[in-house]
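J.: Keeping the supplied structure of chain A fixed, place chain B upon it in accordance with the hints.
Protein chains: 2
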Amino acid sequence: MSILFKNADILVRREGKIDFLRSAYLGVEGAYIDYVSEKAPEKKYSETKDMSGKLLIPGLVNAHTHTPMTLLRGVGSGLPLQRWLFEKVFPIEDKMTESDVIIGAQFAILEMLAGGTVCYQDMYWDYSALAPMVLESGIKVNAGAVLQMNDPGAQWAKDFFERRFAATERFFKNYNDAGDGRIHANMQIHSEYLTVDESLERCSDLAHRYGMEVHTHISETRLEHEECIQRHNETPIAHFERMGLLDTGAVCAHCVWVTDDDLEIMARKGAAFVHNPTSNLKLGSGIAPVKRAFEKGVNVALGTDGTASNNNLNMFEEMHIASLLQNGANCDALALSPQQAFDMATINGYRALHREDSGELAEGKRADIAALDMDKPHLLPDADTLALLVYSAQSSDVCMSMADGRILYENGEYKTIDAEKCKAEYLAAAKVLLA
Amino acid sequence: MSILFKNADILVRREGKIDFLRSAYLGVEGAYIDYVSEKAPEKKYSETKDMSGKLLIPGLVNAHTHTPMTLLRGVGSGLPLQRWLFEKVFPIEDKMTESDVIIGAQFAILEMLAGGTVCYQDMYWDYSALAPMVLESGIKVNAGAVLQMNDPGAQWAKDFFERRFAATERFFKNYNDAGDGRIHANMQIHSEYLTVDESLERCSDLAHRYGMEVHTHISETRLEHEECIQRHNETPIAHFERMGLLDTGAVCAHCVWVTDDDLEIMARKGAAFVHNPTSNLKLGSGIAPVKRAFEKGVNVALGTDGTASNNNLNMFEEMHIASLLQNGANCDALALSPQQAFDMATINGYRALHREDSGELAEGKRADIAALDMDKPHLLPDADTLALLVYSAQSSDVCMSMADGRILYENGEYKTIDAEKCKAEYLAAAKVLLA
Chain A
141 MSILFKNADI LVRREGKIDF LRSAYLGVEG AYIDYVSEKA PEKKYSETKD MSGKLLIPGL
201 VNAHTHTPMT LLRGVGSGLP LQRWLFEKVF PIEDKMTESD VIIGAQFAIL EMLAGGTVCY
261 QDMYWDYSAL APMVLESGIK VNAGAVLQMN DPGAQWAKDF FERRFAATER FFKNYNDAGD
321 GRIHANMQIH SEYLTVDESL ERCSDLAHRY GMEVHTHISE TRLEHEECIQ RHNETPIAHF
381 ERMGLLDTGA VCAHCVWVTD DDLEIMARKG AAFVHNPTSN LKLGSGIAPV KRAFEKGVNV
441 ALGTDGTASN NNLNMFEEMH IASLLQNGAN CDALALSPQQ AFDMATINGY RALHREDSGE
501 LAEGKRADIA ALDMDKPHLL PDADTLALLV YSAQSSDVCM SMADGRILYE NGEYKTIDAE
561 KCKAEYLAAA KVLLA
Chain B
141 MSILFKNADI LVRREGKIDF LRSAYLGVEG AYIDYVSEKA PEKKYSETKD MSGKLLIPGL
201 VNAHTHTPMT LLRGVGSGLP LQRWLFEKVF PIEDKMTESD VIIGAQFAIL EMLAGGTVCY
261 QDMYWDYSAL APMVLESGIK VNAGAVLQMN DPGAQWAKDF FERRFAATER FFKNYNDAGD
321 GRIHANMQIH SEYLTVDESL ERCSDLAHRY GMEVHTHISE TRLEHEECIQ RHNETPIAHF
381 ERMGLLDTGA VCAHCVWVTD DDLEIMARKG AAFVHNPTSN LKLGSGIAPV KRAFEKGVNV
441 ALGTDGTASN NNLNMFEEMH IASLLQNGAN CDALALSPQQ AFDMATINGY RALHREDSGE
501 LAEGKRADIA ALDMDKPHLL PDADTLALLV YSAQSSDVCM SMADGRILYE NGEYKTIDAE
561 KCKAEYLAAA KVLLA
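Protein sequences, first through last, are from chains A and B.
Basically the numbering used here = 1-based index in the first sequence + 140.
Basically the numbering used here = 1-based index in the second sequence + 140.
For reference, chain A alone in the conformation it holds in the complex:
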């Protein structure tokens, strides 16, 4: 299977700097891009698509989310964080069955694909339950089995941890690199505050044994950050470093309250910083030091967090807000450049997710691509295409999403998911859960 896109505007990189080819060609052979040029290729492709008026960009990466929480979209809005969690979110999550979790995630995939997101990192349950559905969808995911230790004195908590610990290893063995690498298995440690050192030590051993990187929530709220310092006399990042949990290329979500020292540790250890601006703002967690992280050489990616605290999975919105917020919070119109914002949603995200073979529309890279229809009032004139992408474009401008050379979404139609069936099952599940 090979596809040639012709007459497309194409976002490319020249020595790291974003540039655009006009009315150009991009060829896809199998899962890879094999041609990018303003000249027509000599090779014949099995299918040709005219992309006049369309812009091809790398498919977006949602580097931190909790997809099944789409079922909780809007629940408890207007409540303070603790009441939102304990009165609304947790009681509903307690009722969720395995089929709810699967259908919630599948519906989230519909939303992500329609908005140009073709790769994400999830944190929910034991992902063995979701992996077959995700493989069938064609989207790419980094996932595992979420490890937590709510109460080291309680047998149920110990049992829960043991089950998930075994599930982590099992998921890695069964699913790492499944679907030609579309699934990347890793170690999902909920957070410092929902674990104890004894469990973290075992996680560290397992991570080192398999070379699994750790995905975790770090310093999301000031309270959690400060309580860690009281407990361990060091920040969550420093604590994770000491436990060896940053040795395998960790992915740290939120990082709202990380210090300069933390950022230096992250840069040194190659740990990625996943910024979740909407969630951090909405829940009143604060404004993460993204500009500072870039200055310190940390790889900064971008995520929506779960729908319940966003309330959508819109990576254009996230990119837009990330960019604006750093300028505003730093009182500096140049705090975050359009390219930095765009890179967070694309190449930095792939790098954070240990997918260096993607994130760029270049020969030899994976064909993870989104196409935008640029013939809209809010996208004209085109004085600066990158500025249009970061400040003006909307996820609804996406007209095609492709992962590993396979078109998954095109002009409102899904190629791998029965969207009507998925919606019906999703609404039925939501009706029971929200009753």
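Any given hint might turn out to be false.
Because identical chains cannot be distinguished in the list, a pair is counted as satisfied if it fits within a single copy or across any two copies.
Claimed, not checked - As a list, the in silico DSS-like pairs of lysine-lysine whose alpha-carbon atoms are at most 25 Å apart: (1) LYS516 / LYS194; (2) LYS431 / LYS298; (3) LYS561 / LYS516; (4) LYS179 / LYS189; (5) LYS157 / LYS555; (6) LYS505 / LYS146; (7) LYS235 / LYS194; (8) LYS505 / LYS189; (9) LYS228 / LYS157; (10) LYS235 / LYS561.
Think of the hints as simulated: they come from the structure by calculation, not from any bench.
Keep in mind that this is a model prediction, so the values were computed, not measured.
T.: Structure of chain B alone, referenced to chain A:
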């Protein structure tokens, strides 16, 4: 001409609190709403529209913008503010002809209508040039002739002020209440920093004579706010109050650096605060004290500012960012409620623009309405419709925009503007200006 919407979900207010009617009826007779109920009306309407799966909300109000600046969308992104203005924006604006200004504004109206905005306040040129086009479009606008005094020692600046001063009165006489009130004429004073007391005194006299309210930029940047204090030993708000410029119901854009005392003056004088979060963030101006303004009883409306500093005219995005930003900046998940954010974009905007006959879907109010298609992945399930509107909805979900009972936009089609012709002229103008 009368229209009945049936099977619609309808956003209504009960004792000020937002609520929703389900599968209900809304009748429009001429420019007014004459029926809202879950029961079918007895009256026959000339046209009936089935709105199954659609939500009717008040049409959005963009309370501070500069529409012709759509022509400068994305220009100079990545430059610091002063270089952006002096190297990019001003040289292009100097080249703009009257027909450029008109076509830029008309194209902006396409974008606004497609996103549910049916009323706006503009600040650009002498609006006599734009009024015929705006009247034909059917959209509602508050406007005038922009007054400034760049250099009190220079004859050209004095002449400019005199021309615009005469134009302000002429526009008021010719266009105030034109189109059954669709145009509302007011006094457009650029800012304290681009005027001198002598010119402000004359403005104040004229405003009092006609009962015109003042629309101005206030305390947008820290520098401008502090320079006013140095010049006058009082803040811009205090200075405008002393000059009598807040006596007629002023509309103050930005207000990023206003003090508690300023807010108390605004509350006492009934001056509106127009928040422009995207522009304030993007240009690094800062974060406006919106939560505080609400607490002080100030009427807070919402605007996009000009496209050049946004870079679009998307009021859903603006509402979303406004809401998130106050929560984040105040580290308080309840800093701004979903209703406060929604009110800023609707009823508070109409109130700020002296249009108390609109902003609510209720009998006797003007039929200024937007309809949203809620059957989208990012809008399901509907656990909390108001939260969906504020946190999840996108301007691309708008399927109909109506002002004064007239449908101006519906399912991608414009009823009063030849969109193809407008686009062709707009792109031709942009090509010359940006060359």
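J.: With identical chains, the pair LYS561 and LYS516 could be close in the same copy or across copies; at 25 Å between alpha carbons, which is it: within, between, both, or neither?
T.: Intra 31 Å, inter 14 Å, cutoff 25 Å: inter-copy only.
J.: For the identical chains here, do LYS505 and LYS189 meet the 25 Å Cα criterion within one copy, between copies, both, or neither?
T.: This pair counts as within: shortest intra-copy Cα distance 20 Å, inter-copy 50 Å.
J.: Pop the pair LYS157 and LYS555 into one bin, within, between, both or neither, using alpha-carbon distances up to 25 Å.
T.: Cα proximity of LYS157 and LYS555: none, with 33 Å in one copy and 43 Å across.
J.: Which holds for LYS505 with LYS146 at a C-alpha limit of 25 Å: within a copy, between copies, both or neither?
T.: within (18 Å within a copy, 52 Å between copies)
J.: Evaluate LYS235 and LYS194 at a C-alpha cut-off of 25 Å and name the case that applies: within, between, both or neither.
T.: neither (44 Å within a copy, 30 Å between copies)
J.: Can you tell me if LYS431 and LYS298 fall within 25 Å by alpha carbon in one copy, between copies, both or neither?
T.: This pair counts as neither: shortest intra-copy Cα distance 40 Å, inter-copy 44 Å.
J.: Is it within, between, both or neither when you check LYS228 against LYS157 at 25 Å Cα-Cα?
T.: Answer is between: at 22 Å across copies they meet the 25 Å cutoff, but 45 Å inside does not.
J.: Give the relationship of LYS516 and LYS194 under a CA distance limit of 25 Å: within one copy only, between copies only, both, or neither.
T.: both (11 Å within a copy, 23 Å between copies)
J.: Go through the copies and call it for LYS235 and LYS561: within, between, both or neither, with a Cα cutoff of 25 Å.
T.: Classified as within; 22 Å inside a copy, 56 Å across copies.
J.: Which holds for LYS179 with LYS189 at a C-alpha limit of 25 Å: within a copy, between copies, both or neither?
T.: So LYS179 and LYS189 pass the 25 Å test inside one copy only (16 Å; across, 51 Å).
In summary, the structure is inconsistent with hints 2, 5 and 7 from the numbered list given earlier, while agreeing with the others.
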